[in-house]
Amino acid sequence: MLHAAAWLVWLIAAVSVVSMTRNPLYLTLALAAFMTTVHVIRRPGETYAAPLAPGRFALFVIPLAALINALLSRVGETILVAIPQPWPLIGGPITAEALVYGALNGLLLTAFFVAFAVLNLAVPIRDLIRFIPRAFYPVAVVASIAVTFAPTTLRQMQQIREAQAIRGHRMRRLRDWLPLFMPLLTGGLERALQLAEAMASRGFAGETVTAHPGRAQVVSIVGLLGVLSGGLLTAWQQASWGWVLIVGGSAAIAVALWLTGRSVPHTTYRRAPWGYREWLVTGGALVALAGFLCWGGATRIYNPYPVLTWPAFDTLAGTALLGFLLPALVVE
Amino acid sequence: MRRLLRALIYALTTAIGLLAFLYPVIMSGQAVNTPLLLAFVVGLSFVALLLEVQGDAANAKFVALLGILTAMNAALRFAEVAIPGPGGFSPVFFLIIVTGYVYGGRFGFLLGALTLLVSALITGGVGPWLPYQMLTAGWVGLSSPLLRPLARWLRAEGRWAEIVLLASFGLGWGLLYGALLNLSSWAFIVGPGAPMPATLRETLRLYGAFYVTTSLLWDLARGLGNVALMLAFGAPTLRALRRFRKRFNFTYRLQEA
Chain A
5 MLHAAAWLVW
15 LIAAVSVVSM
25 TRNPLYLTLA
35 LAAFMTTVHV
45 IRRPGETYAA
55 PLAPGRFALF
65 VIPLAALINA
75 LLSRVGETIL
85 VAIPQPWPLI
95 GGPITAEALV
105 YGALNGLLLT
115 AFFVAFAVLN
125 LAVPIRDLIR
135 FIPRAFYPVA
145 VVASIAVTFA
155 PTTLRQMQQI
165 REAQAIRGHR
175 MRRLRDWLPL
185 FMPLLTGGLE
195 RALQLAEAMA
205 SRGFAGETVT
215 AHPGRAQVVS
225 IVGLLGVLSG
235 GLLTAWQQAS
245 WGWVLIVGGS
255 AAIAVALWLT
265 GRSVPHTTYR
275 RAPWGYREWL
285 VTGGALVALA
295 GFLCWGGATR
305 IYNPYPVLTW
315 PAFDTLAGTA
325 LLGFLLPALV
335 VE
Chain B
6 MRRLLRALIY
16 ALTTAIGLLA
26 FLYPVIMSGQ
36 AVNTPLLLAF
46 VVGLSFVALL
56 LEVQGDAANA
66 KFVALLGILT
76 AMNAALRFAE
86 VAIPGPGGFS
96 PVFFLIIVTG
106 YVYGGRFGFL
116 LGALTLLVSA
126 LITGGVGPWL
136 PYQMLTAGWV
146 GLSSPLLRPL
156 ARWLRAEGRW
166 AEIVLLASFG
176 LGWGLLYGAL
186 LNLSSWAFIV
196 GPGAPMPATL
206 RETLRLYGAF
216 YVTTSLLWDL
226 ARGLGNVALM
236 LAFGAPTLRA
246 LRRFRKRFNF
256 TYRLQEA
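Taken in sequence, the protein lines are chains A and B.
Here my numbering is used: the first residue of the first sequence is 5, the next is one more, and so on.
Here my numbering is used: the first residue of the second sequence is 6, the next is one more, and so on.
Think of the hints as simulated: they come from the structure by calculation, not from any bench.
Quantities reported herein were computed from a predicted structural model and do not represent experimental measurements.
Be a bit skeptical, because a hint or two may be false.
To be verified - Only part of the chain A face toward chain B is listed, based on derived beta-carbon distances under 7 Å:
| no. | residue |
| --- | --- |
| 1 | V146 |
| 2 | I149 |
| 3 | V151 |
| 4 | S224 |
| 5 | V226 |
| 6 | R266 |
No residue lacks a Cβ here, since even glycine has one placed at the ideal position from N, Cα and C.
With the hints as extra help, turn the sequences into a complete structure.
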């Protein structure tokens, strides 16, 4: 089990590399590295919890993105099919370049998806909740209550269903779900009352802490104003000033977070160990990012318009991407 | 003063959120090369809004109620992932709308945002799409108390008309949720550096094509699903929530020694 922060560094590096490139060769290579990691860290016999396994996601998204882009952008020299112009919405030429470009977008999305799938698989839910900043203490409490009680709710749903089935209740129409839904809801509300009493008797929120001190409120308003005006300025072609304002506004919101978090008392009971494996994983990811930035250069961008060409490939940059494979090597 | 600051935060975050969602449309004539930046800005305005809204979650009753209802809604979403309904139908919006309506906008916002967060944690769906989903689902709950004055004006409280009002609200949000999330995924799917149309009109035509081809049916299923749930379960749920609001309305007082 690796330290959660090591996975976070890995994820940030992976997402930055993927979002910086648009070259199908690099993307495929990175995707292969991520897929290998998913395959290695998934425990045998464990079913994949996410709605879509990565392979199925790719099969669904890549053709969809290709189709959408082919319908949306009618640029490019190699015309595959010409749909009659007067047809509403879909009329016009379908070009190979647009198809390829759309498929590239799909590939990019798949790489994103798989990188996040690695995080979801590798880090336990408790540690994911621990990533919630200290300023959001109430939110983190609610999230952990919800995560704790979600399996109970599912079990209760099962029990109510069995009880109603024994009584001869049959599910035919939507309204037949009412005798299932209402006990679930009222039972949940009763449980909430009990939980509230238990929490109050253990002294939860016994002392009144102003969860949002006035100063933090003002600072975050200043930050929001900065981000809003910055966004408007970039839209109105004043990009450099806009960027300054956006960065300043984000910094102000970060300060507001810090101000709020400061007032929340906090105890650490156990520190997760950080050993050589963590160093290897973070080091590998950072080397991959740095190497890709350093040697990727012009080959990072690939544009299929106006005529399809074979994408360029830099061996060093491609090798650097293998740094993302380190978790697969060191996780036992 | 506090109320003014609060209103200012709501207004600003809504404006930023709308700007980020509409960015691809505003930027017609230029390449959009910032989908990640947009996700970041949406996340930022969500953070500021959450920081403001969570101030209410400082007592045990609010936290426990919110936690349990979030667990319930996340479990419903889990069931939905396991047994996919037709199209974009999702049972989570029903509870978000009704609790927002009864327990207030801040409760609704937190329930909406946290439902999406917790179900993403449970099903392994954490990703760059999460801030958009959380913010939009939060808006659903935040906006539903806006119906209250309307219901009062129509003298609809506790009557059939109230359910009809909530159902049409659910239909509207079902469609709007899809349209807003499309705008966010549009930047990703169309991708950075793609040649964008030169005029706003052309962009809107393209977006129309994108919308009709990808999600109109999907969103309709979601909206109509909300209507069906509201008509079937709305009245008893409202009654139960109102009853429990009375039961939750107590305070602990220290015994004077």
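Status of each hint after checking the structure:
Evaluation of the V146(A) hint against chain B yields a held restraint, the C-beta minimum of about 5 Å falling below 7 Å. Restraint check, I149(A) versus chain B: the minimum CB separation of about 3 Å is within 7 Å; hint holds. About 6 Å separates the beta-carbon of V151(A) from the nearest beta-carbon of chain B, less than 7 Å, and the hint is met. For S224(A), the suggested interface contact is upheld, since its CB lies about 5 Å from the closest CB of chain B, less than 7 Å.
Here the hint on V226(A) is broken, as its CB sits about 10 Å from the closest CB of chain B, past 7 Å. Given the 7 Å rule on beta carbons, the hint for R266(A) is violated: about 13 Å separates it from the nearest Cβ of chain B.
Figure legend: structure checked against the earlier numbered hints; hints not met, in rising order: 5 and 6.
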